[in-house]
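Protein chains: 2
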Amino acid sequence: MEKLYGNAIVGQSGGPTTAINATLAGVIRGAIECDAIKTVYGAKNGIEGVLKKTLIDVSNMTEEDLKLLENTPAAALGSCRKKLPKDFEGENRKTFEDIIAVFKEFDIRYFFYIGGNDSMDTVAKLSKFTKSIGYDMRVIGVPKTIDNDLAGTDHTPGYGSAAKYIATTMQEILRDTAVYTVKAVTIVEIMGRDAGWLTAAAGLSSLYTNVEPDLVYLPEVPFDFDNFYADLEKAFEKHPNVVVAVSEGVRTADGTYVGEGTQSGATDAFGHKYLSGTGKALELAVKDKFGCKVRSIELNLPQRCASHLASKTDLTESVSIGRAAVKAAASGETGKMMIFVRGEGEAYEIGIDSADISGIANAVRSVPREYINERGNNVTKECLSYIAPLIIGEPELTFEGGLPKHFSFS
Amino acid sequence: MEKLYGNAIVGQSGGPTTAINATLAGVIRGAIECDAIKTVYGAKNGIEGVLKKTLIDVSNMTEEDLKLLENTPAAALGSCRKKLPKDFEGENRKTFEDIIAVFKEFDIRYFFYIGGNDSMDTVAKLSKFTKSIGYDMRVIGVPKTIDNDLAGTDHTPGYGSAAKYIATTMQEILRDTAVYTVKAVTIVEIMGRDAGWLTAAAGLSSLYTNVEPDLVYLPEVPFDFDNFYADLEKAFEKHPNVVVAVSEGVRTADGTYVGEGTQSGATDAFGHKYLSGTGKALELAVKDKFGCKVRSIELNLPQRCASHLASKTDLTESVSIGRAAVKAAASGETGKMMIFVRGEGEAYEIGIDSADISGIANAVRSVPREYINERGNNVTKECLSYIAPLIIGEPELTFEGGLPKHFSFS
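Respectively, the protein sequence lines represent chains S and H. To convert, note that position 236 of the first sequence is 235 in numbering that gives the first Met the number 0; the numbers rise steadily by one, no gaps. To convert, note that position 198 of the second sequence is 197 in numbering that gives the first Met the number 0; the numbers rise steadily by one, no gaps.
Just chain S, same shape as in the assembly:
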C-alpha cells in the first residue's frame, strides 16, 4: 500500500482514567516515529477541540515530558462528552462537514481517539463519513475505561490501575477495621454501574494473604436484602469486623438501584429525593437490622485518578496500544479499535491487534456468571486469576516536595 502522507490529530474523550495519558504518550511517540506523519496535534477537549480548532502541536515533546505525561492522571488534553449526530442527513450532516473542513485545513490524514463507548461511536461514524465522501484518511479508536466493560478486548487500558488502587485500598481498610474488638460492619462502595469488574478486584489480597473482604456484591447478580442479612450473620460467626465490597450499580430483582433510596426513602429540606448512594443505603439498612456500628466508604474519584498507585503493567500496555494504533493506521487500517489479546499459556502475555469497530461500539461486557460464586456473594478464584496480572508492577514516579510531579500542557 502507498504511504498516506499528512498530519495527525489525537484526542481524549469520556471519563478520565489513570492510564489515558499513557496512551496519549504512546500515540504521540508512534506519530513522531512514523515518517508518513509530519505534525501531530492534540485536540483540546476531544472532538469539541477539532470543531473549535483548539489544536496544540505536540510533535516536539521531549522524552522527559512524555515520561511525566505517562504518570499524570486525568486527560491532559481535556475531555468532552460530545456524541456525533446519528446519521449524515440534513442538519446532522453539517457537524461532519465542519469536522472535515478542519481536517482539510490542517491536512489531517490521521485521527486517533482515546475513549470509551461513546468515543468508539465517534470513530465508527467519522470513518464511515470520510469513506462516503472519498476523503482519504485513517480513523482509529484506542479504548480506555476503568470499567473494563468494552467488548472485543481482553481488558481495557486503565482497568489495571483502578483495580490495583481498589485492591490496595481495600487491604489497608481491612487492616484498619480489624483493630477493634466491637461488632462492626464496613461497607465499601466501588464504581461500576453495569459491570462488576472493579468490585471484583476488591478481593485480590486473598491470593497472597489471609485478609479479604467477607462479602463481594456485583451488579451482575440481583441484590437481595434478606440474603445480605443472612450473609452478614454468617460472617459475624468468624469475626466481629465484617467488611463488604459492593458495586454502586447493584439492583434488586425488580431492577431498582439499591442506592436509589428505596431503602432510605429520604428527602431533604428542599424536597429533593435523597440519592444517598449504594453504600449509604446499605449502611442505614444494616444499622436498622443489626444495631451495630456501621460505616460506609465510597472510594469515589481516586479510583480513576490515583496515578501515584498506577499499575506498571497497565501503563506499559497503554503506551504500547497507543503506539500500535499509529502503526495500524500507517499500514492502512481505518474504522478500527485497538484491542488486547491474551496469550493461551500459563504465563501472562499480551498481544495487540485491531478489530472492526462496528461490532464493538456500544456493546457492554459484564463479569461472566461463572466468575461469581453460586450464592452471588463473592467472585471465584478464576476471576481473581484473570485480574491478578493486570495490577503487577509500580511506576517510577518523580516527586517534588513529597508530591508526585504531573505534566500539564498549559
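Don't read these hints as lab results, they were simulated from the structure.
SDA-like cross-link-like pairs, simulated, lysine to any residue; straight-line CA separation at most 20 Å:
| hint | chain 1 | residue 1 | chain 2 | residue 2 |
| --- | --- | --- | --- | --- |
| 1 | S | 51 | H | 182 |
| 2 | S | 311 | H | 397 |
| 3 | H | 52 | S | 180 |
| 4 | S | 404 | H | 208 |
| 5 | H | 237 | S | 408 |
| 6 | H | 404 | S | 206 |
| 7 | H | 182 | S | 47 |
| 8 | S | 404 | H | 205 |
| 9 | S | 82 | H | 179 |
| 10 | H | 52 | S | 179 |
Residues from chain H that face chain S, not an exhaustive set, calculated with beta carbons under 7 Å:
| hint | residue |
| --- | --- |
| 11 | 174 |
| 12 | 301 |
| 13 | 401 |
Please read all numbers here as calculations on a predicted model, not as lab measurements. Don't be surprised by glycine CBs; every beta carbon is placed ideally from N, CA and C.
Please arrange chain H on chain S, whose structure you already have, making use of the hints.
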C-alpha cells in the same frame, strides 16, 4: 541512677494511623537494644490486653519483620478505646490493682503506650498510681494522631503521612475535575473534628504547581453559608471547575456542625435523622443555590491507613520517637510523653524530648488564626511551610502480586 531491670509491655490505643506501627517497631527496637529490659511484650488491644494477659513476646522479631511492620497500616497489636477510672477510690481502684497484678506477675518495669489523648490520660494515671503504691516502674506515652492536635509537640507522628495522602489525592482530584468545560463544584471532605490541620494540607501542591483547591475551610473559623456562596461566585470567575476542601468539623457561628443535617434536615424511612456528612450537606446546598453539577468526596479511612503513600519523614521520625521513649524510660523518666522539637534554622531539623504528661493530656492544639487568611477561606503560605517538610520522602515498600506487603502478628 541505678538501672531498673525487668520486662516491658508496649501497647497501641485509639484510632489507627499509618505510622503507629512504625512507632511500635521503634519501641521494640529500643527495648531489644536496652540491656535493662529482658523481654518485651506486645499487649493485644492496648490496656485491655494487659488486663486479659493477652501478651505476645516480640523480643525476637527479625529485622525483616520489623521493616515490614514499619510499612503496615493500622495497629498491628490491635487497639482499644478503654479509659481508666478517674481516680483510685473504692470500686475504681480495682482496675488499677488488676493492672499492677499483671505487671508483677510478668515482672513488668516498663510500660510504653502509643496513642492519642485518651492514651496519654492512661499514662498519666498509671504513672501516678504506681508511684502512689511505691511500685518502681517507668510509664511513658508516645503520641500518635493524624489530627496533629496534641499539645506540647511540634507535630504528631502519623500526621505527615495523612497530610501527604491528602495533598497527593487532592492534586489528583484537581487534575481529574479540570478535564471538562462545564460548570461544576467538587467538595472534598477531610477528617478533623476540632482541628483543621489535615484540611490545611489540601493546598500543599500550590507550593510547587499552579494547581490548588479554590477554597479551604477549617473548623477554627465559623462557617457562613452566604460567605461560602460569595466565595464560589468569585471562584467561578476564574474557571468553571471549582474545588473546595472542607473539614468534617466545620460549624456555623451558633456551634452547629454543618454536617449535622441543618441544611438537609433529612430523615430516612426508618425515621433516623440523616447525618449526611459535611460534604454531602454542602453538596445539597450548592446544588440548590447554583443548580450546577456538584460532587462531594469524603476521603474517609484511607486518610489514616493509606500506608502505600506514607511520608518517609513521618515513618523515620515515628521509629525514632519510639526508640527514644525506651531510652528516656531506661534513664529514669516516667509519667512523660515524648515530643518533637523543631530546630530554629531555615532547614528542617527535628529533635526528640520528653515532657511532663500532666500538662499535655486532654489539651487540644488548633490551627492558629494567623495560619488562616483574613476571609477564612484558605490557609496562609506560613501554614503550608510548616507542613511541607513533614510529607517529604517515600518509603521503600515490598510488593507481592502488585500489592504492598504487610506484617501481621497472627
